[in-house]
Amino acid sequence: MNPRKDLITIDSLSDEDIRTILDSTSAMKEIFTKSVKKVPALKGKSVLTLFYEPSTRTRSSFEVAAHRLSADVTTFTVSTSSVVKGESVHDTIDTLMSMKMDYIIVRHKNSGIPAVIARHCKASVINAGDGAHAHPSQAFLDAFTIREKYGDVAGKRVVIIGDILHSRVARSTSTILRRLGADVAYMGPGPLVPQEQHTGIPRFTDWEQVFRWKPDVIYLLRVQNERMDTPFFPRGDYHQAFGVTEERLRRIDDLNLSIMHPGPVNRGVEICDAAMDYRNCLINNQVENGIAARMSILYHLTPQTQNND
Amino acid sequence: MPTINKAEIEQALDAWVNHLLQHTVPQATGKLAIVGLITHGDVLARRLVHKLAAAGYEAEYGAIDITLYRDDLSLRGIRPALSSSYLPFSPDDMTLVLVDDVCNTGRTARAAMEVIFEYGRPSRVELQCLVDRGERQLPIQPNYAAFTLTAPQNTRVQLRLTDIDGEENITY
Numbered sequence: 001m002n003p004r005k006d007l008i009t010i011d012s013l014s015d016e017d018i019r020t021i022l023d024s025t026s027a028m029k030e031i032f033t034k035s036v037k038k039v040p041a042l043k044g045k046s047v048l049t050l051f052y053e054p055s056t057r058t059r060s061s062f063e064v065a066a067h068r069l070s071a072d073v074t075t076f077t078v079s080t081s082s083v084v085k086g087e088s089v090h091d092t093i094d095t096l097m098s099m100k101m102d103y104i105i106v107r108h109k110n111s112g113i114p115a116v117i118a119r120h121c122k123a124s125v126i127n128a129g130d131g132a133h134a135h136p137s138q139a140f141l142d143a144f145t146i147r148e149k150y151g152d153v154a155g156k157r158v159v160i161i162g163d164i165l166h167s168r169v170a171r172s173t174s175t176i177l178r179r180l181g182a183d184v185a186y187m188g189p190g191p192l193v194p195q196e197q198h199t200g201i202p203r204f205t206d207w208e209q210v211f212r213w214k215p216d217v218i219y220l221l222r223v224q225n226e227r228m229d230t231p232f233f234p235r236g237d238y239h240q241a242f243g244v245t246e247e248r249l250r251r252i253d254d255l256n257l258s259i260m261h262p263g264p265v266n267r268g269v270e271i272c273d274a275a276m277d278y279r280n281c282l283i284n285n286q287v288e289n290g291i292a293a294r295m296s297i298l299y300h301l302t303p304q305t306q307n308n309d
Numbered sequence: 310m311p312t313i314n315k316a317e318i319e320q321a322l323d324a325w326v327n328h329l330l331q332h333t334v335p336q337a338t339g340k341l342a343i344v345g346l347i348t349h350g351d352v353l354a355r356r357l358v359h360k361l362a363a364a365g366y367e368a369e370y371g372a373i374d375i376t377l378y379r380d381d382l383s384l385r386g387i388r389p390a391l392s393s394s395y396l397p398f399s400p401d402d403m404t405l406v407l408v409d410d411v412c413n414t415g416r417t418a419r420a421a422m423e424v425i426f427e428y429g430r431p432s433r434v435e436l437q438c439l440v441d442r443g444e445r446q447l448p449i450q451p452n453y454a455a456f457t458l459t460a461p462q463n464t465r466v467q468l469r470l471t472d473i474d475g476e477e478n479i480t481y
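In the order they appear, the protein sequences are chains A and B.
Position 155 (the first sequence) corresponds to 155 in this note's numbering; numbering is contiguous.
Position 163 (the second sequence) corresponds to 472 in this note's numbering; numbering is contiguous.
Just so you know, the hints here were simulated from the structure itself, not pulled from any lab data.
Just so you know, not all the hints are guaranteed correct.
[To be verified] Quick list of the computed label-pair ranges, beta carbon to beta carbon:
id: 1; chain 1: B; residue 1: S399; chain 2: A; residue 2: R157; range: 36 to 44 Å
id: 2; chain 1: B; residue 1: A363; chain 2: A; residue 2: M99; range: 21 to 29 Å
id: 3; chain 1: B; residue 1: S399; chain 2: A; residue 2: K43; range: 22 to 30 Å
id: 4; chain 1: A; residue 1: M99; chain 2: B; residue 2: Q462; range: 38 to 46 Å
Where a beta carbon is used, it is the ideal one built from N, C-alpha and C, also for glycine.
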């Protein structure tokens, strides 16, 4: 792939870039089978995780990925930092650049912040989720998980279910899957699923339409608690209307469909307990593949921090 | 441009197999594995394993990608594509023959040894190559080289193999 400093969105990547990162993900995953689960590729490099929004799995996944590439990892915890004392993002970045970081992994509630940071520093910036905009590393691990399960993404049908409108996961994952030749559909509460005319993506509002569409993968989004009990989400009804209930799980099992979820899972809301143990539930595969995909992303980016400047 | 052709390479591979059978196998402690360095070394390793099998000796086969262990990764603008290593056995207490196409600076062999020891502790490791073109930058020497070339400094010695390149020769 061409030299690339940052990863902000899937749209910014060429088809070749996407394929290269996915191919290297396989090689990274193979490292997990060694007795030493580590390679020296980023030895001496510094990786900073800068999360302005709470996250457990994305942050720890990036940290494990960086450790397995032998990088040094620094965690910047916003709640205990000067940011709460009013420091601007730019000033924070200046401070961090003085620490000679090579890679900065950013999550922020506002769309566009990672791109701003990327423009202002020589370190490679990876967007680990910005507002409802993008979450490219999630897209790579999802595409890789589907490719691993089915051999190829092209020709597969994936329905993404939940609050599509506010989901950066839906946006990035549907983008990469369509770039790789998959068919994607959306399903969820009417006001939270964009119209097909705006996205080019079929829009469903109930499970019968989903089953008629004959998907291969059911991709559930996390119901965000902060949006619960608003007019969009009557909590008690969500599971019955849009969740994988035990009854729907039996149909999913009969049709041999896979279930995916970016985590963390709300049991009893998006998904029933039994579905977590379902033979084609790929959620744990996604977690493992997340580390490999993030290793591949870190490996393929080239920071402009050589010569100590 | 001097060239070693396909027939000469084939002949050299037969001589190489003889060396393996007469010297490497008798000295081996534990089981013997032929481990190719991806990509060209890997093709050679597979051919050697087939030829050994034809001669009645079953060696294990593996392949390793040393890219992530290169000492010049951070100096390169473009990160090379990766291949998956394939080592379906633990190298513990085995004799491993690392197969490289062209042995030059010794840096590839250094990286390969680092890879191997992260899988386990072989009892013995040998480096064998098709071409030794000299100009070592590290204190590493192949145990066997099918061809030894004295090409002028900075000459590019290139092996092409039918399986990868569609033609087969060595040019320098």
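Outcome of the hint check:
no. : hint                             : verdict
1   : S399(B) with R157(A): 36 to 44 Å : holds (41 Å)
2   : A363(B) with M99(A): 21 to 29 Å  : violated (60 Å)
3   : S399(B) with K43(A): 22 to 30 Å  : holds (25 Å)
4   : M99(A) with Q462(B): 38 to 46 Å  : holds (42 Å)
Of the hints listed earlier, the one the structure fails to meet is number 2.
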